[in-house]
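Visitor: Residues per chain, in single letters:
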Amino acid sequence: MENLEHSIKTLIIECLNLEEIQPEDIDSNASLFVEGLGLDSIDALELGIAIKKKFQVTLNADSRETRDHFSSVKSLARFIASQSD
Amino acid sequence: MNHKPCFVIPDYNHKDAIGRIVAALHQYRLPILIVDDGSEEGTKKVLENLALKEPLIRLFRLDSNQGKGAAVVRGLEEAYAAGFTHALQVDADGQHDISDAGKLLAQSRKFPEAVVCGTPLFDKTIPRGRLYGRYITHFWVWVETLSFDIKDSMCGFRVYPLAPCIELTEKTKLGKGMDFDTDILVRLFWKGISIRNVSTRVVYPEGGTSHFRLFKDNYLISKLHTRLFFGMIMRFPRLLFRRRGKHQEHWSQRSERGSLMGIRFLLTVYRLFGKYIFKIFLVPVISYFFVTGGTARRASIEYLQRIATSADARGLPFAKPTLANSFRHFLSFGNALIDKFSAWQGDIKEQDLDFPNKQEYLDLIAGGQGAVLIGSHHGNLDICRALAEGIQGLKLNVLMFTEHAERFNRVIREVNPDLADDIISISRIGIDTAILLKQKIEQGEYVVIVGDRTSANTPHRTQNAVFLGEQATFAEGPFILASLMQCPVYLIFCLKERGKYRVYFEHFADTIPIPRIHRREALQAIVQRYADALEALCLKTPYMWFNFFDFWKQPVSTVEEKRG
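Chains as they are written, first to last, in our numbering: chain X, 23 to 107; chain Y, 26 to 589.
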């Protein structure tokens, strides 16, 4: 799981050109948006596409609870892991 | 201001509930002025006996039946002559909840200059036809007062400040029948009296007699609204001035509540009366916005000025940036509103559309390839819904720049539950949205977004492009989105030209590549191409531009404060 979290962090940094940040600087539990990393909706779009591409994530269009999976690195890792099961 | 209230009850042949009403009013220890409106013997006796038992009652009798309005006026005059300052009117049929009288009186004590109106919360006893009738009256009253202050003009449960009422009844002939309640309230409003609304439960009493006569009273009420409508036209400037003063107090609250309520009621009118009657309503409403909307009017004239300059430079014909043309611009917006309603309602069919490169569109759909469609606030994107209608399985996902997307969605769906479009608010975009949208595109669905509004959530994500001769700010989000979807991108606009809806469907790019290096330059070039396409349309149909704010003075992107 920790490996997965690390590769998500690397992906975030690469995808969004956050040059001054190291993977270790990102708190796995912190919110990616608003407080935490302070990403905006366009970052979310870019990140979403990158995650889809790298981890082949698919979502159920009818499900309304998907939002919770994407709030922090930890929840993202959990979700991606559950998809590959 | 002094506050010395009493009750006024007009009674015509209501003998069953009056005893109960008087008993309930007793607790307030205030004089009860009952005006017997020439009732028949039975009711006359009941009232006389009641007056003997209850010392608070002062009974007056009109020799012949003159109508509710006349009876109330008599009561108000008697109250004023006896030295009262306020009167709480109560109907004699028992439909008012007397236990709320305390609430109304308390408001009146707090705001003695105002009329305190009971606004009815109906329970299930109200006949449905009555409810619709009330909505029509609500709409008229809003037009007549150019305001949403009066929530319900028909409920007789209200506290009048007597001095302005007497002044009014001495000078003006008010409706004597069922039209009275609305008539006096609108006219008090015109005099500058403010309105306070207090909600109260109203019951249509079982077995109770109502004196509402279908034809005669509807005739009276129609006559009333005709009279009041012209009264409004005559008082137009003063009413506008009044509204303006209020705007400055709490503009934000009012405008939001107003617009949602406004949309809902315009929709009701549209559905009840159809397009042509709606157009008649629209002219005073648009005139009102034109006269009061200083910012919008200036933006319109400035825009027309830019059109004139750009068109002139290219040797194209153009409209002069005059007030008259600006009004035409506003009217065009009003008509677009009607078209929007028609489109939501599903009244605009495919055959109403003029669609030159329809084949290209059909080929795209047949190919099963999803696409991003970028529209604008030039013309009427909603009309394009009609395009989706006839085609099986075509699904649109519309990204909207509004915080109220969900409520808006609800209103639209009330109108037409068959609309399959998925409306997504820009403010709710998250990682999941991106993944979902991409999946949808891969399944052949379409994503629709406008390119000419900047988002309040990402104010720095903008690009400047030359538009009608000067740098303007455009959001980069829609173009980044289109790029990420890695799919064909089309521009789509719908303009009304000579009574027909003309669809412009233009191939914009197979995919939009945005390289990592020189990203900004690449984005800028794409935004400029969009701005050029928009400019060409503006020059062609200048009145279809529906951005009524200074488009060129939006915050220009400088630093990216969000990062870091």
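Hints in this document: simulated from the structure, not taken from any laboratory. A hint or two may mislead.
Listed next, the in silico PhoX-like pairs over lysine-lysine satisfying Cα-Cα at most 25 Å (straight line) [said to hold, decoys possible]:
{"id": "1", "chain 1": "Y", "residue 1": "Lys365", "chain 2": "X", "residue 2": "Lys74"}
{"id": "2", "chain 1": "Y", "residue 1": "Lys300", "chain 2": "X", "residue 2": "Lys75"}
{"id": "3", "chain 1": "Y", "residue 1": "Lys198", "chain 2": "Y", "residue 2": "Lys300"}
{"id": "4", "chain 1": "Y", "residue 1": "Lys420", "chain 2": "X", "residue 2": "Lys75"}
{"id": "5", "chain 1": "Y", "residue 1": "Lys465", "chain 2": "X", "residue 2": "Lys74"}
{"id": "6", "chain 1": "Y", "residue 1": "Lys304", "chain 2": "Y", "residue 2": "Lys383"}
Now the stretches of chain Y that chain X is said to cover, found in silico as 3 or more residues with beta-carbon under 8 Å [unchecked claim]:
{"id": "7", "segment": "59–70"}
{"id": "8", "segment": "496–506"}
Glycine residues also receive a C-beta, built at the ideal position from the N, C-alpha and C atoms.
Visitor: Quick one: which hint numbers does this structure break? Sort them smallest to largest.
Guide: 1, 2, 3, 6, 7
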